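Q: The chain contents come next:
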Amino acid sequence: MTYNVVVLIAKQFFKKAFFNKGLFVLLTLFILALTYVTINGWQAFEAHDHSTDSHQDEQRESWESNPDKHPHRMAHFGSFVFRQQHPLSIFDSGIENYTGNTIFLEAHKQNTANFSEASLSTGLVRFGDLNIALLLQLILPLIIFFIGYGAITSEKENGTLKVMYLQGTTMKQIILGKSLGLFFVTALFFIPALIALWSIMFVEVHTLNAEVFLRSVLISISYILFFLILCSITVIISAKSKNSNKALLSLLGAWLLFFIIIPKTAQVIGNYLYPNKSKIEFTATIEDEVIKQGDSHNPDDVHFKKLRDSVLKAHNVKNVNDLPFNYSGFLMSKGEETSAKIYANEHNILINTYKKQNSITNGLVMFNPYLAIKNVSMGLSGTDFHTYTNFLTQTENFRYKQSQFMNELQMKFISNSAKGSEGKVHVIKKEYWQSFPKFQYEYLTISQTLKHHFIGIIGLVAWLLLMLFIITNFSNRFKII
Amino acid sequence: MYSLLIKQFFLSKTVWLAFGILMFLGVLSISTGKQFLEHQTKAVQKTITHQKKHLETQKKYHKDDIAYLTYYLKFAFINPVDALSGISIGQSDLNSHIQSVNIVALEGQKHNTDLINPMRLQVGNLDMSFLIIFLFPLIIIALNFNILSEEEETGTWKMITIQAQSAFKYLVTKLFIRFVFVFIALNLLFILAKLVMEIPFSTNFWSIVIMSYLYLIFWFALCFFVILLRKSSSTNAIVLLASWLLLVVFIPVLVSNYISNKYPVEEAFSMVIKQRDAYHEKWDTDKKETLKRFYKRYPHLETYGYPTEGFTWLWYYGMQQLGDDDSQPEREAMYNKIKKREAASKKIARFFPPLQLQLSMNEIAKTSLTNHIEFLNATTKFHEDIRLDLYPKIFEERHPSTVDFDKYKPEFFKPKTHFSLLKNIVPLVLISSFLIGFALFKNLKTFK
Chain U
0 MTYNVVVLIA KQFFKKAFFN KGLFVLLTLF ILALTYVTIN GWQAFEAHDH STDSHQDEQR
60 ESWESNPDKH PHRMAHFGSF VFRQQHPLSI FDSGIENYTG NTIFLEAHKQ NTANFSEASL
120 STGLVRFGDL NIALLLQLIL PLIIFFIGYG AITSEKENGT LKVMYLQGTT MKQIILGKSL
180 GLFFVTALFF IPALIALWSI MFVEVHTLNA EVFLRSVLIS ISYILFFLIL CSITVIISAK
240 SKNSNKALLS LLGAWLLFFI IIPKTAQVIG NYLYPNKSKI EFTATIEDEV IKQGDSHNPD
300 DVHFKKLRDS VLKAHNVKNV NDLPFNYSGF LMSKGEETSA KIYANEHNIL INTYKKQNSI
360 TNGLVMFNPY LAIKNVSMGL SGTDFHTYTN FLTQTENFRY KQSQFMNELQ MKFISNSAKG
420 SEGKVHVIKK EYWQSFPKFQ YEYLTISQTL KHHFIGIIGL VAWLLLMLFI ITNFSNRFKI
480 I
Chain L
0 MYSLLIKQFF LSKTVWLAFG ILMFLGVLSI STGKQFLEHQ TKAVQKTITH QKKHLETQKK
60 YHKDDIAYLT YYLKFAFINP VDALSGISIG QSDLNSHIQS VNIVALEGQK HNTDLINPMR
120 LQVGNLDMSF LIIFLFPLII IALNFNILSE EEETGTWKMI TIQAQSAFKY LVTKLFIRFV
180 FVFIALNLLF ILAKLVMEIP FSTNFWSIVI MSYLYLIFWF ALCFFVILLR KSSSTNAIVL
240 LASWLLLVVF IPVLVSNYIS NKYPVEEAFS MVIKQRDAYH EKWDTDKKET LKRFYKRYPH
300 LETYGYPTEG FTWLWYYGMQ QLGDDDSQPE REAMYNKIKK REAASKKIAR FFPPLQLQLS
360 MNEIAKTSLT NHIEFLNATT KFHEDIRLDL YPKIFEERHP STVDFDKYKP EFFKPKTHFS
420 LLKNIVPLVL ISSFLIGFAL FKNLKTFK
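Quick mapping for you: the protein sequence lines, in order, are chains U and L.
Its first residue numbered 0, the first sequence is counted upward by one per residue in numbering that gives the first Met the number 0.
Its first residue numbered 0, the second sequence is counted upward by one per residue in numbering that gives the first Met the number 0.
None of these hints come from the bench; they were simulated from the model.
Predicted model, so just to flag it, every value in this text is computed and none were measured.
Backbone N, C-alpha and C define an ideal beta-carbon position, used for all residues, glycine too.
Incorrect hints may have been included.
[As the list claims (entries may be wrong)] Okay, the calculated bits of chain L under chain U, using three or more residues with CB under 8 Å as the criterion:
# : region
1 : 30 to 44
2 : 248 to 260
3 : 395 to 407
[Stated by the list, open to error] Here are the computed lysine-lysine pairs in the BS3-like style, where the Cα-Cα straight-line distance is at most 25 Å:
# : chain 1 : residue 1 : chain 2 : residue 2
4 : L       : 422       : L       : 406
5 : U       : 241       : L       : 230
6 : L       : 33        : U       : 278
[What the hints assert, rightly or not] Just a sample of chain L residues kept apart from chain U, beta carbon distances all over 12 Å, derived:
#  : residue
7  : 150
8  : 182
9  : 205
10 : 296
11 : 324
12 : 410
Whenever a hint applies, use it, and build me the whole structure from the sequences.
A: Now the structure itself:
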């Protein structure tokens with residue numbers, strides 16, 4: 000019985016929504032925008048992916064085609080990594096525009112990831128990024144508010160709410176029914192968007208389709224939760240408001256507060272409370288630390304002098320030239336070891352500061368469903384903060400391996416009589432570096448991503464439960480007249 | 000009548016709420032700007048002290064070897080931040096404003112980025128330009144959308160048309176009160192910003208103020224236009240909010256997306272590969288050829304001759320230089336794309352006030368992409384000057400003690416502004432006058 004009434008009200012709301020011609024216009028515009036954004040996003044992704052791939056291959060080819068040479072020359076020749084985008088970035092580009100797209104990996108030196116899209120763009124880029132998620136996260140909520148603000152107030156204003164009540168319908172049933180009806184109308188908007196999301200599975204790229212599939216399922220569920228929350232909020236606010244105008248104003252105010260002001264303010268406060276080191280301070284700290292712990296580039300360094308003495312002793316020789324391996328290769332490998340550790344340490348501190356800056360926003364996830372869906376959506380689309388820092392870790396690991404590979408080759412094959420890396424004298428065959436594996440980028444697994452954004456999902460579920468709780472327990476207190 | 004209208008205006012809760020929000024976010028935005036300026040100033044100071052320390056350390060390490068000393072030395076070049084950048088941070092938070100470069104090939108160094116949290120970049124800055132572009136229009140809409148329709152809906156409009164000398168004057172007065180209120184709020188914020196960020200009363204400051212005024216006038220004109228369409232309050236609200244959403248949220252994002260897809264800057268990728276390869280291949284090619292090309296670039300160095308036996312620093316820096324030179328075409332292609340992006344942005348922005356204001360403010364505050372590119376170009380010049388100064392000392396193997404290294408202090412870039420107030424005023428004034436003119440024309444009969 001209860002169930003039937005709820006469904007009846009939902010159906011009636013759905014039908015009534017179409018009495019308004021504005022809805023058709025809105026729906027048409029939304030679908031048009033969605034189509035444009037999807038096709039455009041798809042093309043941009045393929046262009047970017049193609050460019051990344053071809054440049055990645057180009058740089059590897061030139062790595063492999065180096066003639067026989069001293070391994071240290073190759074350590075400096077280095078590799079480039081051009082960052083691949085996750086195909087789901089078509090759906091939600093997250094921080095994609097602001098993260099470096101190429102990084103040069105060479106010996107002794109950790110370079111920054113450069114040429115982010117935003118760094119090559121004019122100030123317009125700061126207005127935001129166009130993608131399907133923008134339509135779902137910012138625009139569709141406004142549309143829901145516009146369609147639903149009068150859900151209850153209009154019944155009040157027409158006097159029909161009294162009639163319904165007298166006929167035995169409870170306020171709980173009305174609110175549930177209207178929310179459901181509003182959700183059905185919303186479905187007309189978000190289902191095409193989710194179809195666009197699912198279509199991404201057919202993009203031909205490196206990632207496994209099964210993985211994209213699972214991510215899409217999770218994204219879809221999260222958005223459905225998000226819209227269920229928004230629809231019930233809209234109807235509850237409509238029920239609590241005296242008239243339609245007030246309901247609309249409250250909803251718009253809430254949109255401005257929750258979708259624009261709180262997210263910005265939270266990030267500003269986070270940065271204010273936990274400022275991070277500037278580039279110059281960062282490099283200065285590393286430089287100081289290297290001097291303290293041992294600088295292999297300093298001929299008089301105490302640490303490396305000690306090291307030399309102990310190596311000489313262990314091999315029972317007087318001069319480094321009599322060692323069974325190339326001493327400068329050994330020295331560089333030790334130097335790389337210390338400096339990489341120092342860098343990793345400083346880098347971790349930096350990333351942790353960033354995390355602290357983000358912590359204000361992340362802490363608000365439970366209180367702001369928009370922040371929850373934003374984080375979850377970015378994470379699952381492989382375009383969030385964690386995905387990027389993970390990329391940086393992977394490139395640094397690769398850089399370290401590459402440098403040490405060359406140092407080992409030098410220790411093994413280069414004579415101690417070599418004075419430098421110049422010329423065709425002290426060289427090794429190019430097959431050695433050709434055998435060095437290519438950089439393989441691995442995305443964070445779904446379970447890792449879920450771990451980072453678990454609280455966001457909990458936030459969405461909690462909000463939905465809260466809404467249901469309010470509807471079931473408090474709706475009878477709402478005024479009918 | 001004035002005093003009553005003003006009283007009525009201040010009795011509304013919306014007004015106080017609007018004022019509260021503006022002041023709260025205004026203070027927040029000014030402190031954001033202040034924090035940004037302080038962060039940058041601190042970095043500049045740190046750079047100056049660090050360079051001194053760095054120089055001392057390296058001089059100690061390489062007491063007798065000028066070649067190694069100069070190889071490790073880093074030289075800083077600084078793009079000083081204008082106090083106005085606290086009002087419009089623009090692109091200056093993501094483009095590094097301090098370069099610290101070695102005398103080896105420059106192209107691998109000068110595009111290095113600063114350290115900033117990408118999440119912060121994505122969320123965007125809450126600076127005053129955001130407040131003016133984003134929030135002030137909403138406040139203007141909230142204050143004005145029903146000034147006529149409300150009177151019509153409550154039935155008071157008829158009384159006014161009968162009793163007031165001129166209904167039109169009455170309406171304009173109402174609008175004018177709101178106009179004064181909004182401008183007082185804006186001016187308060189500008190004064191606060193001026194004091195907190197220590198901005199001088201320069202032409203640039205006034206240009207930002209004038210542009211902001213014109214922008215807000217545009218929104219008043221739009222409200223005026225919609226009000227005089229004589230629709231209901233809720234229709235007005237929806238029309239105005241939809242225009243806001245379109246003008247401030249959707250169109251900017253669309254335009255920015257269109258530009259980045261139309262002009263993808265893949266050349267950046269080709270450039271870095273080319274630069275690396277062009278330098279490294281010289282290790283395996285004819286030394287004489289390398290030196291010849293190096294001398295062609297710098298004829299006055301030819302006195303150092305053509306040593307081809309073993310490793311020489313002359314040859315080394317020749318190779319480095321050729322790496323930069325050979326990647327020149329790719330680099331030019333990249334800058335051309337960037338120029339196209341800028342031109343397209345400006346062209347489209349003329350039709351949309353929020354875009355135009357943002358670009359103008361960045362340009363005035365010298366936080367635009369153009370400014371950064373000019374800084375990069377100046378860095379090339381800076382790098383070349385230092386190289387040419389040091390080359391002879393290295394090639395002649397002078398003893399480090401004979402060279403005055405202390406003169407290498409961080410240098411400052413002198414940014415120029417290309418902002419033309421007149422050119423930027425015209426589109427805004429035209430759009431606003433069109434809106435007001437059309438609204439008046441349509442209502443000629445109603446208001447006499």
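Q: Establish whether the coverage given for the region 30 to 44 of chain L by chain U is satisfied; the threshold is a Cβ-Cβ distance below 8 Å, and no fewer than three residues must meet it.
A: holds (count 6)
Q: Does the claim that residue 205(L) lies off the interface hold, with its Cβ farther than 12 Å from every Cβ of chain U?
A: The claim holds: residue 205(L) sits with its nearest Cβ about 21 Å from chain U, beyond 12 Å.
Q: Mind verifying the non-interface call on residue 182(L)? Its CB should be farther than 12 Å from each CB in chain U.
A: Given that every Cβ of chain U is farther than 12 Å from that of residue 182(L), nearest at about 22 Å, it holds.
Q: Beyond 12 Å on every Cβ pair: is that true for residue 324(L) relative to chain U?
A: With a cut-off of 12 Å, residue 324(L) remains clear of chain U, as the shortest Cβ separation is near 18 Å.
Q: Is it true that the CA of residue 422(L) sits at most 25 Å from the CA of residue 406(L)?
A: 43 Å, violated
Q: Is residue 241(U) within 25 Å of residue 230(L), Cα to Cα?
A: 22 Å, holds
Q: Is it the case that residue 410(L) keeps its Cβ farther than 12 Å from each residue Cβ in chain U?
A: At roughly 15 Å from the nearest Cβ of chain U, residue 410(L) sits farther out than 12 Å, so the non-interface label holds.
Q: Over 12 Å to the closest beta carbon of chain U is the bar; see if residue 296(L) clears it.
A: 22 Å, holds
Q: Just checking, residue 150(L) versus chain U, shortest CB gap more than 12 Å?
A: 15 Å, holds
Q: Taken at face value, is the distance from the CA of residue 278(U) to the CA of residue 33(L) at most 25 Å?
A: 19 Å, holds
Q: Quick one: see if chain U covers the region 395 to 407 of chain L, three-plus residues with Cβ-Cβ under 8 Å.
A: violated (count 0)
Q: Count the residues of the region 248 to 260 of chain L whose Cβ falls closer than 8 Å to any Cβ of chain U, and tell me whether that reaches three.
A: Per the Cβ count (11), the hint holds.
Violation of the numbered hints given earlier is confined to hints 3 and 4; the remaining hints are satisfied by the structure.
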